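Those protein sequence lines, which keep their order, are chains A and B. Quick note: the first sequence uses the numbering used here, first residue 13, plus one each step. Quick note: the second sequence uses the numbering used here, first residue 13, plus one each step.
In short, the hints are calculated from the structure, not lab data. Just so we're clear, the structure is a prediction, and the values are computed from it rather than from any experiment. Careful: at least some of the hints might be erroneous.
Identical chains share a label here; the pair holds if one copy fits it or two copies do between them.
Derived pair list, reagent style DSS-like, types lysine-lysine, alpha-carbon separation capped at 30 Å [unchecked claim]:
| hint | residue 1 | residue 2 |
| --- | --- | --- |
| 1 | 298 | 205 |
| 2 | 110 | 298 |
| 3 | 184 | 298 |
| 4 | 184 | 250 |
| 5 | 250 | 110 |
| 6 | 298 | 111 |
Number of protein chains: 2
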Amino acid sequence: MKRLFVLALAASALAVSASAQVAQRASQPAASDDPVAAERIKPFQYLYGSAEAAGLSIQAWHALVDYARQQVRHRPKNGVVLAEDASFENPHFVRCGKKPLAAVFDVDETVLLNLGLESNAAAGVPTGGPMVGRWGSSGSAAVAPVPGAVYGVNALRKMGVTVIFNTNRGNKSAEGTAAQIAAAGLGHAVHLKTLYLAGDDQMGSRKDGRRWTIAKNYCVIAMAGDQLVDISDLFNAKDLSVTDRRQAALHGWVAQMWGNGWWVLPNPVYGSGLRGGLDEIFPADKRWTDTGAND
Amino acid sequence: MKRLFVLALAASALAVSASAQVAQRASQPAASDDPVAAERIKPFQYLYGSAEAAGLSIQAWHALVDYARQQVRHRPKNGVVLAEDASFENPHFVRCGKKPLAAVFDVDETVLLNLGLESNAAAGVPTGGPMVGRWGSSGSAAVAPVPGAVYGVNALRKMGVTVIFNTNRGNKSAEGTAAQIAAAGLGHAVHLKTLYLAGDDQMGSRKDGRRWTIAKNYCVIAMAGDQLVDISDLFNAKDLSVTDRRQAALHGWVAQMWGNGWWVLPNPVYGSGLRGGLDEIFPADKRWTDTGAND
């Protein structure tokens with residue numbers, strides 16, 4: 013296994029140095045005097061520590077609030093939750109009728125940064141499933157709001173839009189999750205009213221059922237998540253290849269939805285965005301061989 | 013060094029698995045039958061291959077175009093380029109006068125995905141500075157537009173906003189860079205008119221000088237980049253710690269600029285967002301110890 017890791021990290025180190033030079037910058041200064049710690053922290057630096065990711069998140073929340081304000085002014089016929097019989101080929105949305113307005117958000121890395129949990133992995137402490145479960149139930153205040161999220165949920169509530177959280181944490185952690193939402197300054201969440209979790213229905217980690225439950229009672233004008241399962245389970249269809257999934261987001265009616273009812277928050281640390289082999293990420297017609305390499 | 017890499021990758025692998033379970037997901041399926049390749053591709057999967065990053069980029073371009081349309085309708089007094097004597101404490105912007113409207117964009121990982129170059133690093137081919145230089149001059153068509161960028165630049169030009177690129181590629185690669193911009197479907201760029209590069213003035217990789225040159229002739233209503241140096245050199249001040257830099261983006265007038273004249277495109281692969289040690293990324297008051305770990 014050692015060789016595997018060495019090559020892996022070496023490649024990524026090279027990528028960083030090469031790309032840094034694309035930007036004509038000197039190579040990164042060591043983040044720490046301890047080279048082990050300096051390497052170990054790298055997967056976490058961008059999302060949890062960079063000004064770039066902060067700007068990226070804040071601009072998304074700004075756009076979401078501006079969009080919601082327009083929807084409040086001109087009430088839409090349809091919400092942004094896909095109907096039960098919708099597909100990529102035949103998209104249509106749950107109708108709004110006279111239902112009150114709501115916005116539906118994932119929790120982890122969408123409104124809440126799990127600093128306490130991730131700091132363990134970043135420090136080299138093994139963090140397995142049971143620990144993650146205990147974190148979810150802990151109600152630990154070692155969290156922060158995603159940049160812009162406090163502004164976002166407050167602005168939405170102020171304009172009369174109900175903020176509803178739909179997370180894939182297990183519903184045994186409902187209390188701890190609500191405590192962390194409150195600790196991050198995101199307000200009061202009530203299980204099965206403004207907070208839905210895995211286990212609240214029979215669909216497990218598939219969120220469509222909970223979305224449809226919410227959309228029965230609300231006109232959902234905006235959804236946001238760091239994973240596309242936070243938008244529709246269509247994106248996690250078993251037969252959807254990494255390439256087809258990317259293409260589905262890039263084209264047609266789906267592409268039009270980004271920033272127009274659907275929003276993504278950055279998360280390069282974990283989740284369904286971290287898939288694909290070399291041939292899927294870099295198609296054969298997008299390779300380049302440096303013929304000058306032997307000059 | 014081996015131990016360093018082993019621990020590093022192990023930590024990041026744990027982070028992914030832990031966090032994947034935050035989302036109640038089964039651990040990632042191997043991206044490839046070759047475990048070495050599967051590990052090596054990981055740093056590139058999110059930005060270059062995920063549907064999540066595609067949505068994140070498209071929503072930014074949608075918001076930028078909507079914002080620009082408003083500025084075209086109601087011409088602003090000031091642009092969004094900080095004036096020469098501006099500071100975080102005393103921000104003010106170059107005035108617009110009667111100058112024509114423009115939008116200023118970085119190139120690499122802002123409008124252009126450098127697939128051909130990065131595919132080498134992702135495949136384990138060493139990619140050093142000379143190779144990066146040859147890539148910049150190659151004019152290789154092994155590139156793709158950043159999702160949403162073609163829509164963005166076309167919409168801006170259609171509304172009479174001049175699209176100007178300001179990159180830190182060296183100006184010896186002006187021709188190759190213009191060729192890649194064209195190959196990505198981003199149109200025609202002319203050196204020193206709509207394309208500026210490092211070496212075009214005496215400020216090296218600092219972009220403020222080129223921004224001020226552009227702002228002498230244009231009312232710059234929008235700027236976007238994957239690095240904050242694409243917005244202002246203030247963000248790369250030597251004395252600015254990783255923590256202070258993040259805080260600068262999170263608060264006050266700077267926070268208001270994200271999505272309101274300034275935009276960030278995602279890039280967790282390289283650059284100034286990849287800095288900071290454990291204590292900077294996870295402050296002491298945001299740590300959590302799993303007391304149940306020995307259950």
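To see whether the hints hold, each was checked on the structure:
no.: 1; hint: 298 with 205; result: between (48 Å within a copy, 29 Å between copies)
no.: 2; hint: 110 with 298; result: neither (50 Å within a copy, 43 Å between copies)
no.: 3; hint: 184 with 298; result: between (47 Å within a copy, 23 Å between copies)
no.: 4; hint: 184 with 250; result: within (27 Å within a copy, 47 Å between copies)
no.: 5; hint: 250 with 110; result: neither (36 Å within a copy, 56 Å between copies)
no.: 6; hint: 298 with 111; result: neither (48 Å within a copy, 40 Å between copies)
In this structure, the hints that do not hold are numbers 2, 5, 6, in rising order.
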